[in-house]
Amino acid sequence: MCLAVPGKILSIQGEDFARTARVSFGGIVKEVSLAYVPEAVESDWVIVHVGFAISLLDEDEALRTFEILKQMGELADLEKPAGEA
Amino acid sequence: MKYVDEYRDAAAAQEYAAAIVRTVTRPWTIMEICGGQTHTIVKYGIDELLPKAVTLVHGPGCPVCVTPVELIDKAWQIAARPDVIFCSFGDMLRVPGTTGDLFSVKARGGDVRIVYSPVDAVEIAKQNPAKQVVFFAVGFETTAPANAMSVYRAKQIGLKNYSVLVSHVLVPPAMEAILNSPTNQVQGFLAAGHVCTVMGYVEYYPIAAKYRVPIVVTGFEPLDLLHGIYMCVSQLEQGRAEVENQYARSVRREGNTTAQDLMAKVFCVVDRKWRGLGGIPQSGLGLTAQYAEFDAEARFGLSAYTAEEDAECISGLIMQGVRKPEECSAYGTRCTPDHPLGAPMVSSEGACAAYYRYRRLRTHAPVVAGGSSRG
Ligand code: SF4
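Note that the protein sequences, when read in sequence, are chains R and L.
Residues in the first sequence are numbered consecutively from 1, following the numbering used here.
Residues in the second sequence are numbered consecutively from 1, following the numbering used here.
Just so you know, not all the hints are guaranteed correct.
[Claimed, not checked] Heads up, incomplete: computed chain L residues facing chain R, CB under 8 Å, no partners named:
#: 1; residue: Tyr16
#: 2; residue: Val21
#: 3; residue: Thr25
#: 4; residue: Gly36
#: 5; residue: Thr197
#: 6; residue: Ala248
[Stated by the list, open to error] Mimicking BS3-like on lysine-lysine, the simulated pairs with C-alpha atoms at most 30 Å apart in a straight line are:
#: 7; chain 1: L; residue 1: Lys210; chain 2: R; residue 2: Lys30
#: 8; chain 1: L; residue 1: Lys131; chain 2: L; residue 2: Lys155
#: 9; chain 1: L; residue 1: Lys52; chain 2: R; residue 2: Lys70
#: 10; chain 1: R; residue 1: Lys30; chain 2: L; residue 2: Lys43
#: 11; chain 1: L; residue 1: Lys2; chain 2: R; residue 2: Lys70
#: 12; chain 1: L; residue 1: Lys106; chain 2: R; residue 2: Lys8
#: 13; chain 1: L; residue 1: Lys52; chain 2: L; residue 2: Lys210
Hints listed in this document are in silico derivations from the structure and should not be mistaken for laboratory results.
Cβ coordinates follow ideal geometry from the N, Cα and C atoms, glycine included.
For reference, chain L alone in the conformation it holds in the complex (with noise of 0.2 Å):
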């Protein structure tokens, strides 16, 4: 086992397709969480293996598609004051905010650099007692743990100039918020399989019973995702709406306790806006009381700073799974991955960014293929 050639063997593929061809009887919609998964599914072409019948919706689970743009300006006027140094995992930079990019403070001589893990920020502020350092924390339950960690560190060693701008949202509330909007078309969710690997699936129990959908815990690789719409699709045939585990040999039921320890300790559930689809009520992370003083909205005074989303972009309805990325005006011609005016063209996990990059030149079919790598 490599855990990775297996799951995109051409063969094995085409068998999961066939079977969900074999199950499928009516329509459905089904939405994958994350964007990880929907930049395979558009990659590999896996919906255009599926029957008609079985219509793929991409979700909200793309971090940098939802950080709202007031915190993309807040990041921007940090990074501009001369004694902070910025660190931000890189899809960050190119993110539009009301003001410019964070690539543009770059360029302004901003000193913003690119981080692997929030643990090298960390060492960045121990080697520079003389200025400000700050993460930008955003993410979903599967970077939490790591950026909890930066946070847990800078406690223990006394570090005074490590400060972080928390953006954390949480999959469930975001799942819950689609299914209880009127326009919702979502009848099953494959489930991120790496937020689970942090948070297991315990937490889903409710949704599926309340709601009535199906939720598949479903991983990364082609096969993953076929044979997780295989499950969903199968459990609609069926009239259940169940929790099932199509990634069980990473994720566990409780998920990984010592992870959401630490997590609880750095970490409280807090309201949070996200970009495109506006507030949801306890949606995301904000620190502890405990860990309060090293929240970089509440040292350089910007707790009160808001600011209005761009009208043109129809991320939101993207998001829900309503609108695909070509439906939307701007698509292709005002925003390209050279010019995004929304956040889902930037990241390669973001929707907008997997069809032009994968759909836009396509003339024919695609066809699962082993070999090739991810990203």
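So here's chain R without its partners, still in its complex pose (with noise of 0.2 Å):
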């Protein structure tokens, strides 16, 4: 139950605390509520848990955790004595 997922806002309708999304997760639909996130607008990816939106996604900080695994991969050839591949 304590499952969180996130979907990719297809269109939104209402305001507030009943603001609402039609939310896709890999295809299967769902509405969804935003009232707690605001600031979300059409084509967001969001975490929703329980019918509601509790995130956006932020795709620059998603990059990191591959760029982290990257760096780490050109330090571990760095240190690897010559010759070997």
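Each chain sits in its own coordinate frame; assemble them with the hints.
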């Protein structure tokens, strides 16, 4: 029940606490409350938990997990003795 | 970015695992707080990718597991009333109380309904004015904003037949209770990413400083967990004890302040009992005086009821990281997902159920793989 999953906002209706969106979760579309993400706009990605969006996903931050990995890979290569592939 | 598949990439997972191997020089014990993370770890075999020196222990972050048995009994008693429609998240229905689980009430003709969201329960109350509609408001900080909104809406539209049975718990006091225990083995924490999505992580600074433990806010996909473990062991190896944020794509330092504002209107901090762990002061949420009229315990005269837990279930030791599920004498024999003796065998976020589901029949080491979806 604690599961919260990312989805993409397709369209928005209503205002304030009654603001809702149609959100696609890999093709499955559900109605979600946007009461807690007043800044959300169409095409944003949100994390949804029990029918409520609780945050907007930040793409730049998302890419960091992979950049760190890339940097670590380069570092590890540097540390290897010459001749080792 | 689709925010799911990328984080299940097997090659990237192996690279993070290799980075952890290069970093670790001594044994370390790390606890992931959240049951959702336990589920990912066991399902994808993350712990088996780690060097032997790193031990992961599974924390108390599963609301199904920590809801005290007396609250299950109270739910049972309310749901058995002919004038009540009892609404709950699905996985609470199989949690054993002293008299039975909520499914057994349903089987005897009680009107027990599974809802996806607490606002669905408000809708049911609107449509059934002749009935009392009660929602079982369990959960951590992640779920509190949604549950708060249901009560807020009910008051706004003047609903007289809606109430909530509240069993809300908070993560930081439980972390402190674990750290204060004389048998504590936890040296670093992966904090629950969705709890922090709501609450931010400022409240973890004093805990990291006081107990000298690294706390890394971590997400839920396999790569998130490996990245979080890497950050945590790096801190431990370097003798640092800081709060860091692995899950920055969703978690902001101050959290979701819109949600916090509404939570503060509806809920206030109270003492709570945790199944398996006992009473922890100031560790949960209850309704504020302004919303007290929506308290189901008061409405149905159950505030004074108490009950004792089953003695055989060692869930408390498991949730403190002192024992693993296989070390329980009932595991897989008297206690299975079909006949759970304790709560961690019920929900897929419970450590015992996760082990039973993914580990029991395993004959080879699993690999993190893309494509398959969780839950
Ligand atoms: S196996 Fe069952 S009885 Fe044992 S700790 Fe887990 S839930 Fe409790």
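Going down the list of hints, with the structure as the test:
The beta carbon of Tyr16 of chain L comes within 7 Å of a beta carbon in chain R, closer than 8 Å, and the hint placing it at the interface holds. Violation of the interface hint for Val21 of chain L is found here, the shortest Cβ-Cβ separation to chain R being roughly 11 Å, above the 8 Å cut-off. Against a cut-off of 8 Å between C-beta atoms, the interface hint on Thr25 of chain L is violated, since the closest Cβ of chain R lies about 15 Å away. With a cut of 8 Å, the hint placing Gly36 of chain L at the interface with chain R holds, because the nearest CB-to-CB distance is about 5 Å.
Hint status for Thr197 of chain L: holds, given a least beta-carbon distance of 5 Å to chain R, under 8 Å. Hint status for Ala248 of chain L relative to chain R: holds, with the closest Cβ pair at about 4 Å, below 8 Å. For the suggested pair Lys210 of chain L and Lys30 of chain R, the alpha carbons sit about 44 Å apart, so the restraint of at most 30 Å is broken. For a cut-off of 30 Å, the pair hint linking Lys131 of chain L to Lys155 of chain L stands: about 17 Å separates their Cα positions.
In summary, the hint linking Lys52 of chain L to Lys70 of chain R is supported, as the alpha carbons are separated by about 25 Å, within the 30 Å threshold. Taken as a hint, the Lys30 of chain R and Lys43 of chain L pair is honoured in the structure, with Cα atoms around 26 Å apart against an allowance of 30 Å. Restraint check for Lys2 of chain L and Lys70 of chain R: the C-alpha separation of about 19 Å stays at or below 30 Å, so the hint holds. Taken as a hint, the Lys106 of chain L and Lys8 of chain R pair is broken in the structure, with Cα atoms around 36 Å apart against an allowance of 30 Å.
Between Lys52 of chain L and Lys210 of chain L the CA atoms are separated by roughly 28 Å; this keeps the pair inside 30 Å, and the hint holds.
In this structure, the hints that do not hold are numbers 2, 3, 7 and 12, in rising order.
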